[in-house]
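Student: Here the protein sequences come in this chain order: A and B.
Everything in the first sequence is counted per this note's numbering, starting at 1 for the first residue and increasing by one.
Everything in the second sequence is counted per this note's numbering, starting at 1 for the first residue and increasing by one.
Derived by calculation from the structure, the hints in this document are not laboratory data.
Mixed in with the good hints there might be a few duds.
In silico lysine-lysine, BS3-like type, Cα no more than 25 Å apart, as pairs [claimed, not checked]:
{"id": "1", "chain 1": "B", "residue 1": "Lys30", "chain 2": "A", "residue 2": "Lys27"}
{"id": "2", "chain 1": "B", "residue 1": "Lys42", "chain 2": "A", "residue 2": "Lys27"}
{"id": "3", "chain 1": "A", "residue 1": "Lys69", "chain 2": "B", "residue 2": "Lys42"}
Note that the structure is predicted; figures quoted are calculated from it, not measured.
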Amino acid sequence: MRRPLWQTLVDVVGAVMPPEDSGLRVKDAHIDLPLEVSLRQTGSDLEFFGDVPGWRWQTIFDEKRGRLKLMIGEGEAQ
Amino acid sequence: MSDQSGLPLEQFIQALTSQLDRAQNTLALKARAGLPLTFAVKDLTLDLRTHIEMVDSAVRIRPAAPGEVEASTIHLALTTITRPMIEENTMSLAAASDEPSLKQVLGKDMTDEEQRRLEWAGIHTVSQFRDMQKHGGEQAIERVVDIPVNRLRAALARASEPMITHVTRESFSPDDGNGANLLRIRGHNLLQDNEPNVRIGNEQVAVMQASPRELLVAALPHHTEGTLSVETAPGVVGQKEFRLPPRAKAAEETT
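Here chain A stands alone, though its shape is the one from the complex (with noise of 0.2 Å):
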């Protein structure tokens, strides 16, 4: 099942956060991975998904995977 695109965003953020007590300080990151999308429809509401894929390698059953590349950084959201 794939998630929504918000939550896949922030669990990426997340993952590149190091431990607090490490001494490590991640400035900025750049990530580009595979991502696979769906959406779908609830009521008037349209949500999209978006997800790693769930299998390392693809069928041709599998739909066509695209990228998501994404630049993260310190600081609060705007």
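Could you slot chain B onto chain A? The hints should help.
Tutor: What follows is chain B alone, placed relative to chain A:
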């Protein structure tokens, strides 16, 4: 995507940007929850394998299905913008937010497809429509949106008709049985080149003040309900049925 006929591109973009807003809000919440340092998404780029189709004048998008090798790649690059940048880019629409939309005014006079083509040319409101005609000319609009000049002219005439939205009694209006009953009329296009002719039923009433958005008229005491007509030019009339609340509730608004 479940819909094989695809979705309008603008719906697709809206769905995508709402996901980004939600992600940014969640990250901002984490920051407020006391984390010493947090991240924000600065830029996001998506390469999607899709099919792009034109249905009438709408661009529709459908993700490529399994086995479809001839799909296009759509490259979307999104970045964060600040509130001042948003305000700078939405000022003209915000200024026109209280005027009726083209759909409200033109209604059945233009098809959804024709209205979409006008929006495509950047014409969302009546004032934009009027300005475009004044500065760009009817022929230019005709070429761009593919709507005949005579239909554009008729649509603009329809869009310029007076529209009455509210009729209220002035709270300081006298109630001595003989005095005037001051009514404030709000709407659009209520004044053109000359003072409008205002009638309640078959009786003409005096216009005390007039502007395109508001009229102040001196109605007679028995004018508490009926058909209000505002004629801004010969044959250009807007009408509205109204009923005023009893005197004790004079400040209340009727619609």
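Student: Please write out, lowest number first, the hints stated earlier that are contradicted by the structure.
Tutor: none
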